[in-house]
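> Listed below, chain by chain, are the residues.
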Amino acid sequence: MTAFFECLITFLAVCVLSVFTAKKWKVPAGAAPFAVLCGTVLWYSVMACIDQLMPAGILWFGMAVAALCWLWLRRGQLDFRALIMPSTVFFFVAGVAIIALLAVRQPVFTQWDEFSFWGLAPKVVKSTGQLYTYNPGEMRVTTYVPGLIMLDEAFQFLGAQFVQWKVFAAYDILMFAVFAAGISVLERKHWHIAVPVATVMCLMPFLMTMYFREINMVTVYISAYADLPMGLLFGAPLALYFSQEEKTPPVLWTCVMGVAFVSITKDTGFALALVAAAIICFDLIFVQAKNSVYLAGKVRGVVAKWTFAACLMLSPLVTYFGWAKHMAMTLGVSRSNLGGDRNMSPVQLLLTGLGELVGINRTERFSRVMGEMWQAFYSTKLTMFNVGSQDGGVGRIINGSGAIVVALIMAILMGAFLLEKGRRRRGIAWFALWSTLGFAAYYIFIGFTYVYVFSEAAEMTDYNRYIYPYYTGWLLAALAVFAAALRNVKPGALMHWAMLGLTALCAWRVATFVPAELTVLNDLTGALSERTKNTESVERAKALLTEEDRVFYIAMPDNGISWFMDSFDFYPEVHVDYSFGGGNWMDTTLTRTIDVPADFTDEQVEYFLSHPLTPETVCEYIDQTGCTAIFIRKLDGAFKEQYGYLFEDGLEGDWQLYRVEKDEDGMTFVPVPEGGKIV
Amino acid sequence: MTKLKQLGRSILASDKKLIALCYALFFAASVLLCVVNFAEDAFQRAAGKVVPAQLDPNDFVLIDTQQTEPGTFTSTSPDPRMVLEPSPAYVRTVTVQCTFSKDPGEFCIFYKTSPEQTEYDATRRAWGYRQADGSYLFRLPKSQIYGLRLDPGIFTNLDFTVQSITINEPASFLSWFTPSPVWILGQALVPLVMAATVKNVFGFCERFFAQRKKAGQ
Chain A
1 MTAFFECLIT
11 FLAVCVLSVF
21 TAKKWKVPAG
31 AAPFAVLCGT
41 VLWYSVMACI
51 DQLMPAGILW
61 FGMAVAALCW
71 LWLRRGQLDF
81 RALIMPSTVF
91 FFVAGVAIIA
101 LLAVRQPVFT
111 QWDEFSFWGL
121 APKVVKSTGQ
131 LYTYNPGEMR
141 VTTYVPGLIM
151 LDEAFQFLGA
161 QFVQWKVFAA
171 YDILMFAVFA
181 AGISVLERKH
191 WHIAVPVATV
201 MCLMPFLMTM
211 YFREINMVTV
221 YISAYADLPM
231 GLLFGAPLAL
241 YFSQEEKTPP
251 VLWTCVMGVA
261 FVSITKDTGF
271 ALALVAAAII
281 CFDLIFVQAK
291 NSVYLAGKVR
301 GVVAKWTFAA
311 CLMLSPLVTY
321 FGWAKHMAMT
331 LGVSRSNLGG
341 DRNMSPVQLL
351 LTGLGELVGI
361 NRTERFSRVM
371 GEMWQAFYST
381 KLTMFNVGSQ
391 DGGVGRIING
401 SGAIVVALIM
411 AILMGAFLLE
421 KGRRRRGIAW
431 FALWSTLGFA
441 AYYIFIGFTY
451 VYVFSEAAEM
461 TDYNRYIYPY
471 YTGWLLAALA
481 VFAAALRNVK
491 PGALMHWAML
501 GLTALCAWRV
511 ATFVPAELTV
521 LNDLTGALSE
531 RTKNTESVER
541 AKALLTEEDR
551 VFYIAMPDNG
561 ISWFMDSFDF
571 YPEVHVDYSF
581 GGGNWMDTTL
591 TRTIDVPADF
601 TDEQVEYFLS
611 HPLTPETVCE
621 YIDQTGCTAI
631 FIRKLDGAFK
641 EQYGYLFEDG
651 LEGDWQLYRV
661 EKDEDGMTFV
671 PVPEGGKIV
Chain B
1 MTKLKQLGRS
11 ILASDKKLIA
21 LCYALFFAAS
31 VLLCVVNFAE
41 DAFQRAAGKV
51 VPAQLDPNDF
61 VLIDTQQTEP
71 GTFTSTSPDP
81 RMVLEPSPAY
91 VRTVTVQCTF
101 SKDPGEFCIF
111 YKTSPEQTEY
121 DATRRAWGYR
131 QADGSYLFRL
141 PKSQIYGLRL
151 DPGIFTNLDF
161 TVQSITINEP
171 ASFLSWFTPS
181 PVWILGQALV
191 PLVMAATVKN
201 VFGFCERFFA
211 QRKKAGQ
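If you read the sequences in order, they're chains A and B.
What the first sequence shows, in my numbering, is residues 1 to 679, in sequence order.
What the second sequence shows, in my numbering, is residues 1 to 217, in sequence order.
Next comes chain B alone, as it looks inside the complex:
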């Protein structure tokens, strides 16, 4: 215990050690968070809430989009939309195997997070990330959802051929740890802010105890 105390003191006494510790802690915490996310996902899957399933493109209501062939949808305006309501309640990921006749521009999924929500809005949307196999992966929040809207591109006369739309596709263990640019930026900056805060907390405690000591005398 005394050793631990000593270690703590030495860390707080040296700014370099404090900063290094914050970097290490934050990194460990963010890795731990990934593990927790993985475990939570595994638990929900085991509990039968998050279930992998295929969505049928024909169940979607088409807006500014026409089905030209089975599985192929052509946009009739720059704002094609495909709405699925009600949608499955637990949708963590959507994987779309598809091809476009040209680069679609923005390919997004909008979702409703409450049954009262009447309109889809830009604050509740997920961007598609192109994966190595050409499919697009969308990550949705953990909360229940009440509707999905697929916006395939931003061009008129764009052909969107769907092979499959899968929700909650099981992901590999490693995929939970893939770093994003925001994650990297966070790793660089947050520990510094943490360390600055800890330094102030420590300074505050020091003052507080010094004052109490004074008052005690």
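Just chain A, same shape as in the assembly:
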């Protein structure tokens, strides 16, 4: 209940700041929440990089209070009624509803990357009060850009403890702010346009990420993965810019902040930010009338245009190099190395890739990957825009692939093109062209990463997840442009019916693919029971351990996710050792790469890499890492047979927690019955 109020107060603070920005700086009311969230993220990110997270939060709430006072003092002069627009009503109602729903349902993290980064990072930030780069020992990945984590922190700031569902709330509120920005141009009298457009936008997270009828829990709107918000954030500045009639400074500054935000959502966000910035710059410089763009007062025309263009292009570069500098200072890591097989820098990757693309030293692998990428464009199912079976008939053509999405986007843009006139019409044509070229560039860039960063075995891994952000942002922008164009025709016109038809189509696809029982609307206790059970067993063990304890972790057999889940639950009270993560326990002969603690000396690393994993090696490892307890998630016969004798009960008791005890004879592991049995 307290978490609900904490989250609600933060949301209301966002609303107050939005009203303030709308009134004071004339940001379009519907786009104000988006502008505020971008500003919030940039503010927290900068402050976190200089290790001033606590003042950042206090000042942020201080700003909200100050804004409230400002509004209160001018309540007589300000026309608050003008703020009631489809976009603002949508944002407010959807925001309050999602907070209430999440507070009741209390969903938790369930996906791998949430335990390894997207859910763990905000927990580390909340627990330590610092950005994760200052505590590199806490996480396995610390080099990711901080944008979304700082959004989480803004919503976690109030409250003593880290709450998982607040992360989802922060993401959802951001998405609603993006949708509101997309329909911000629609006035009250355009409600009949806003309703279908907002409906399609809200369905987009389902439409663009799912492509079969789900039989497990649907994590849309309850996910901490960055891909979807990144895609929407990529589309948001485009949607806002191209839908707004006047390219006023508040609109353009919001776009600058939006571009900066998308560049710090994920590493690929940088590429998307550049694409969005370039598309807007082109329109700003070549399509807009000479005097329509102004900076402030009398500064108009070319100077204003180039100033904004420079800011748009520079903002992702500033965040990129800023983060690189921060990483070098705190972690001593260079950002110019993309890792992977060939340790290339981004520039090297681009140059080599382009070279191979035009035929210079083209390798067989390059041709193969690019061939697969091309084929995937029209054959890989990744959205709900698929009907029937893919084996024949209509289903073979309307197969939910990228090609179908591009066709849909082009059709929407064509509709908008037909409805608009003059400069706006030209703007749409150029937008269609540049966004397509931008897509081609992004698509080829992803292809390059498969060739140069991924190992050969991992080619085309997570293809959908890398590609759909672009489609999502692109579709969002196209919808916003179309919605703006619909204002030109009266209700009942063909294009209005096209929009309603699209809404019906999207609703039909979502209703077909998403069983309501499996979404957060429903009580998820059943679907989450395994997670809950695991968390409870960790809590039981935690109650018996102290901060001085270090836990050696066993889950056999496992693909590694159990370690991430359980160490997430153990954090921050108890430290879980990586415990030969990535290694294979049954294999006693092979020399392999395994992760060892960062504080090991080179000799220790060498020793554990070259020695087989016999019970003796394990004991030496436990001794040298200072592990004081053993937590067992699951066991198999092979493990029992080989290592059972180290345990006092021969692993017959199925106990979950053991204490490490040392004496002259060596090491024994004594069961702790209070820790319960393996569940």
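Hints in this document: simulated from the structure, not taken from any laboratory.
For clarity, every value in this text was computed on a predicted model and none was experimentally measured.
Certain hints may be false.
[Stated by the list, open to error] Here are the simulated distance ranges between beta carbons:
| hint | chain 1 | residue 1 | chain 2 | residue 2 | range |
| --- | --- | --- | --- | --- | --- |
| 1 | B | 64 | A | 331 | 47 to 53 Å |
| 2 | B | 64 | A | 640 | 21 to 27 Å |
| 3 | B | 68 | A | 331 | 53 to 59 Å |
| 4 | B | 86 | A | 559 | 38 to 44 Å |
| 5 | A | 378 | B | 169 | 51 to 57 Å |
We treat Cβ as the ideally placed atom computed from N, Cα and C, and that holds for glycine.
With chain A held as given, fit chain B onto it using these hints.
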């Protein structure tokens, strides 16, 4: 009649009234639907098609499940199944009075909607809703069914003790009107889409008549 026409005009002329009307109509329609469902159920019961009955747990074929004691079934894999084929044709609800040795995770009923259907699939399944008395209630579709599969939980070594399995248990009148989360979401959103559609229909008619008038002159 003229008054009614006037009222209609005033509603279509004001967006606020139109939206309010759509909300009222949709709410009334959804309540009416509940009444119709109730009546249909009552009719089928009176006609003797939908009959309350007890199912004997021993009639089910056990897969990955063992009967350890009379009425107690223990799963031997994470996917225990109990199949009843052929099943009674008209199964609207299944009420399972039971206890689990621990939280079962997902507790579902799969069903076959055609005699040709060979496999049970995830698109034809009902989730159990825990009721106040601890029993689980499953709602199945109105069509005839040809097989039932009870999946008691998702864990190995889970004890599932059945007191009774009742089909078509008579439900109270009020229970037909219990709102679900989807129902609430629908109440909030559908009327808006309805109103937007009506606005376009009206706009279309207006244009159409205006054009005809023009053509007539």
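> Each hint should be assessed against the structure and marked as holding or not.
Hints, verified against the model:
Here the CB-CB span from residue 64 of chain B to residue 331 of chain A is close to 50 Å, well matched to the stated 47 to 53 Å. Range check, residue 64 of chain B to residue 640 of chain A: Cβ separation about 24 Å, and the 21 to 27 Å hint holds. For the pair residue 68 of chain B and residue 331 of chain A, the beta carbons lie near 56 Å from each other, so the given range of 53 to 59 Å is met. Our hint of 38 to 44 Å for residue 86 of chain B and residue 559 of chain A holds, since their Cβ atoms are close to 41 Å apart.
One distance hint, 51 to 57 Å for the beta-carbon pair residue 378 of chain A and residue 169 of chain B, holds here, with the actual separation near 52 Å.
Against the hints set out earlier in the document, no violation occurs for any number.
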